[in-house]
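Read off the chains here:
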Amino acid sequence: MKSILKHPLARSTAWRGQRTSCRTRLINTLHQPGDPEVASRRADAPFRLAIIGSGPSGFYTAYRVQSKLPTARIDMYEALPVPFGLVRFGVAPDHPEVKFCINKFDEVARHPNFTYIGNTPIGSESLPFSSLLPNYNAILLSYGASKDKTLNLPGESTLSGIHSARAFVGWYNGLPEHKDLNPNLEGSDGKAVVIGQGNVALDVARILLTGVDELRKTDITEYALEALSKSKVKEVEVVGRRGPLQAAFTIKEVRELMNLPSVGFEPVPPSIIPQDTSTLPRAKKRLMDTINKGTKSYPLEKNWKLSFFSSPTAFLSSSSNPDQLSHIRFEKTAPVEGTNGEKVVGTGKHKDVYASLAFRSIGYKSEPISGMIEAGIPFDEKKGVVCNTLGRVAKPTPEGDIQVPGIYTTGWVRRGPTGIIASTMMDAFDAGDNIVNDWLGGVDFLGKEGDVKMGWEAVKREHSRIGLKAVHWSDWDKIDKAEKERGMKIGKEREKFGTEEEMMAIV
Amino acid sequence: MPPPRASSIFRNLRSQCSNRLFHRADNILPQCSRPITTRTPIYSGAHNRAFTTRTLRPRLSLPSSIYIKQFSTTSYLSHGHLTPPKAGEELKVTFVTKEGNEFTFEVAEGDNLLDIGQAHDLEMEGACGGSCACSTCHVIIDDQEMYNLLEEPDDDENDMLDLAFGLTETSRLGCQVKMKKEIDGLKVKLPAMTRNLQASDFK
Chain W
1 MKSILKHPLA RSTAWRGQRT SCRTRLINTL HQPGDPEVAS RRADAPFRLA IIGSGPSGFY
61 TAYRVQSKLP TARIDMYEAL PVPFGLVRFG VAPDHPEVKF CINKFDEVAR HPNFTYIGNT
121 PIGSESLPFS SLLPNYNAIL LSYGASKDKT LNLPGESTLS GIHSARAFVG WYNGLPEHKD
181 LNPNLEGSDG KAVVIGQGNV ALDVARILLT GVDELRKTDI TEYALEALSK SKVKEVEVVG
241 RRGPLQAAFT IKEVRELMNL PSVGFEPVPP SIIPQDTSTL PRAKKRLMDT INKGTKSYPL
301 EKNWKLSFFS SPTAFLSSSS NPDQLSHIRF EKTAPVEGTN GEKVVGTGKH KDVYASLAFR
361 SIGYKSEPIS GMIEAGIPFD EKKGVVCNTL GRVAKPTPEG DIQVPGIYTT GWVRRGPTGI
421 IASTMMDAFD AGDNIVNDWL GGVDFLGKEG DVKMGWEAVK REHSRIGLKA VHWSDWDKID
481 KAEKERGMKI GKEREKFGTE EEMMAIV
Chain D
1 MPPPRASSIF RNLRSQCSNR LFHRADNILP QCSRPITTRT PIYSGAHNRA FTTRTLRPRL
61 SLPSSIYIKQ FSTTSYLSHG HLTPPKAGEE LKVTFVTKEG NEFTFEVAEG DNLLDIGQAH
121 DLEMEGACGG SCACSTCHVI IDDQEMYNLL EEPDDDENDM LDLAFGLTET SRLGCQVKMK
181 KEIDGLKVKL PAMTRNLQAS DFK
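Note that the protein sequences, when read in sequence, are chains W and D. Read in full-length UniProt numbering, the first sequence has 286 at position 286, and its numbers run on one by one without any break. Read in full-length UniProt numbering, the second sequence has 147 at position 147, and its numbers run on one by one without any break.
Derived by calculation from the structure, the hints in this document are not laboratory data. The structure displayed is predicted, hence computed values, not measured ones. Glycine included, C-beta positions come from ideal geometry on N, C-alpha and C. Any given hint could turn out to be false.
Stated by the list, open to error - Distance ranges between label pairs, derived from CB positions:
{"#": "1", "chain 1": "W", "residue 1": "E493", "chain 2": "D", "residue 2": "K92", "range": "24 to 32 Å"}
{"#": "2", "chain 1": "W", "residue 1": "N184", "chain 2": "D", "residue 2": "E99", "range": "55 to 63 Å"}
{"#": "3", "chain 1": "W", "residue 1": "K484", "chain 2": "D", "residue 2": "T83", "range": "35 to 43 Å"}
To be verified - Here are a few chain D residues that face chain W, going by a calculated C-beta distance under 8 Å:
{"#": "4", "residue": "C128"}
{"#": "5", "residue": "A133"}
{"#": "6", "residue": "L150"}
{"#": "7", "residue": "N158"}
{"#": "8", "residue": "L163"}
{"#": "9", "residue": "T168"}
Said to hold, decoys possible - Per the computed footprint, the stretches of chain W lying under chain D, defined by three or more beta-carbons under 8 Å from a beta-carbon of chain D, are:
{"#": "10", "segment": "186-195"}
{"#": "11", "segment": "331-339"}
{"#": "12", "segment": "358-371"}
{"#": "13", "segment": "417-424"}
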C-alpha cells in the first residue's frame with residue numbers, strides 16, 4: 001500500500017468531513033501479524049515514529065516502544081516549548097507525588113534515538129500535518145483534549161464570574177493560554193459553585209479552600225497565589241446532575257477535602273446517599289463511607305458541600321449588576337427507572353443558588369488537528385475522539401472499521417477525557433505494544449515497503465522554512481533549571497514561566 | 001495443525017486479535033531493555049552478586065540488534081535501591097509474571113516489592129516513584145494467610161487500590177509491602193496489565 005494519501009479509501013470522499021460515529025468491529029483488510037502470507041519485519045529494520053503531544057500518553061507509549069524496539073527512532077512534537085502536557089498543566093500543584101512520572105519521561109527523552117521537538121504546533125498555521133506523513137513509518141496521535149465542553153445555557157458566555165474549570169486549572173498551573181484569566185476571587189460574595197463532579201471539580205474546590213500558606217510550598221504560580229491570598233471565597237458547592245453513586249470523582253480527592261484544616265463539610269441528606277453501604281462494590285462503598293463520615297465538625301471557617309440531582313438551566317444576574325453572575329438556576333432531577341441511576345430526567349422543580357463565581361467542570365473534548373481529516377484520519381465529532389479500534393486508527397464503514405495504516409492513537413484523544421495516570425499508562429502500553437507488534441508482524445505502515453524515512457532530519461527543513469524555532473531536550477533542561485532557580489529564591493520547588501516568550505528567551 | 005487462515009483470525013478480531021498479538025510480542029521480545037544475561041540485582045555500593053534462582057532466557061532466537069543496550073543517564077539504580085542481605089538472613093520472595101513465569105529472589109528485610117521487582121527488571125511500573133500515589137505497582141498476594149501477616153493497608157493505599165485494574169481481596173501496592181521475616185517465602189502475582197478487552201471499549 002502506498003502513502004496514506006494514496007490509499008484508495010483516503011480518496012473516497014464518502015466519509016470525509018461528515019459526522020461519524022466510531023464502531024468497534026474491525027474488518028481488517030491489511031496484512032496482520034501472524035498472517036502466513038506476510039513476511040515479518042526484522043527487529044532492526046529502521047523504524048521512525050512521530051508522536052504528536054508530549055503528555056503522559058505520548059511519553060508512556062514512547063517508553064514502551066523503546067523498551068520493545070530499542071532501535072526505533074522516535075520524534076515527539078509538542079505545541080508548547082515545554083513538555084509533559086497535563087502532568088505539568090493539569091495535575092494539581094498540591095499533588096507533587098503524582099508528577100514523579102516525569103523522572104521516567106526524562107529518562108525516555110534522553111534515549112539516543114529520541115528527539116523532542118517543542119514549540120511546534122502541528123496544523124495549517126504551523127507545521128502542516130501533511131509534512132509528517134511522508135517522513136515517518138507511523139504517527140501516534142496523543143495530543144489530548146484541548147476543547148472545553150460547554151453547557152450552552154443562557155448567560156453562560158455573557159455574564160462575568162463564569163469560568164471553565166479547565167481555564168482555572170490552566171491559570172493556577174501557569175498554562176500560557178490562561179495566564180490572564182484573572183478570576184475575580186476578591187470581589188466574590190463568598191460563594192463559588194462548581195458544576196460537575198469529576199476530580200477536576202474537586203481540584204478546583206480544594207484550591208479555592210486550601211490556605212495559601214499550604215499552597216505557597218507548591219509550584220503553583222505566584223500570580224495565582226496572590227489572587228488566592230485575597231480570595232473571599234468561603235463556601236464551595238459542587239453540583240452534579242446525578243446521584244452520589246454516579247459521581248466521577250475518586251476517593252483520594254474527597255478525602256483530601258475532608259482533611260483540609262478549618263474546612264467543614266455539609267452532610268449529604270441520608271435520603272440522597274446510601275446509608276447501608278455493605279452491598280456496594282469496594283470502591284463505591286469506601287467512597288460513600290468517606291462522604292457519610294464527612295468532617296468532624298460543621299460549619300467551620302470555610303465549608304463545602306456536594307449537591308446531587310441538580311441540572312443547571314440558566315446563569316442569572318441581579319438588576320443592580322446586570323453583567324455579573326448573581327445566581328444559577330437548577331432544575332431538580334430524578335433517576336430514570338431501570339437505568340441504575342445512570343440517566344436522570346428533569347422534574348420541573350427549580351431552585352436558585354446564589355453565587356458570584358461559577359466553574360464549569362463538565363469535561364473536555366478533543367478536536368481534529370487541521371490537515372488530519374484530509375489525510376484520511378476519521379474523527380468522531382460527537383464523542384470528540386479519533387475513531388479507533390483499541391488504539392489502531394480505523395475508519396468506520398457500514399461493514400465495520402477499516403484500519404488506517406501507520407496511524408495510532410492513545411490517551412484522551414483516543415478514549416475521551418477520563419481516567420487517572422495509571423489508566424493512561426496502560427492505554428499507552430497497549431498502543432506501544434500494538435505499534436511494535438504490527439511493525440514486527442509485517443502489517444502495512446505509511447508509505448511503501450522499504451522506503452527510507454528520514455523523520456525529523458527531513459521535517460526540519462520544512463520547519464525552518466516556516467520560520468519555527470524548535471525546542472529540544474537540552475533547551476528544556478535550560479528552562480527547567482531556570483524555573484527551579486526562580487523557585488528556589490522564593491522557597492518553592494519551581495516557579496513556572498507564564499508565557500511562551502519567557503520560555504523562549506531562556507532558549 | 002495448519003496455521004489458521006487469516007480470514008478466520010479476523011472474524012473474531014475483537015475478542016482474539018489484540019490478546020493474541022499481545023502475547024505474541026511477549027514471546028518474541030525480551031522483557032527487559034538491558035542485556036538479558038545481566039538479570040542480576042545491582043546493589044548500591046556493593047559488589048554485584050547474582051541472586052536469581054532462575055535465569056530468564058529468551059525463548060526464541062533473536063536478531064542480535066535487539067539486545068542493544070539502552071542508553072540512560074538516569075541510572076537504573078534510581079528505582080532499585082536494594083540492600084544486600086546479610087549471610088544467613090536472606091528472605092525469599094517469588095514473583096509470578098503475567099505469563100506465569102516464576103522468579104525467586106533472595107532479598108534483605110525492609111526492601112519493598114516494587115524496588116525488588118524493578119531491580120530484577122520485572123515488568124512492574126512505579127509511575128509515582130513508589131509514593132503510593134498511583135496504582136501501577138499493583139501486586140496480588142498469592143496466599144490469604146500470608147496476606148493476613150502483612151500490616152493492613154492504610155487509607156492512602158486503599159484509595160489507590162480502589163483504582164487498580166483487576167483488584168482482588170489480596171491485592172496490595174508493591175511499594176507499600178516491605179519484606180520481613182514473618183513473610184519469608186512470600187509469593188506475589190503481577191496482574192495482567194492489559195485492559196484491551198474491557199467492556200467499556202465496546203460501548
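**Those earlier numbered hints the structure runs against, lowest number first** = Per hint list: 1, 3, 6, 9, 10, 11, 12 violated.
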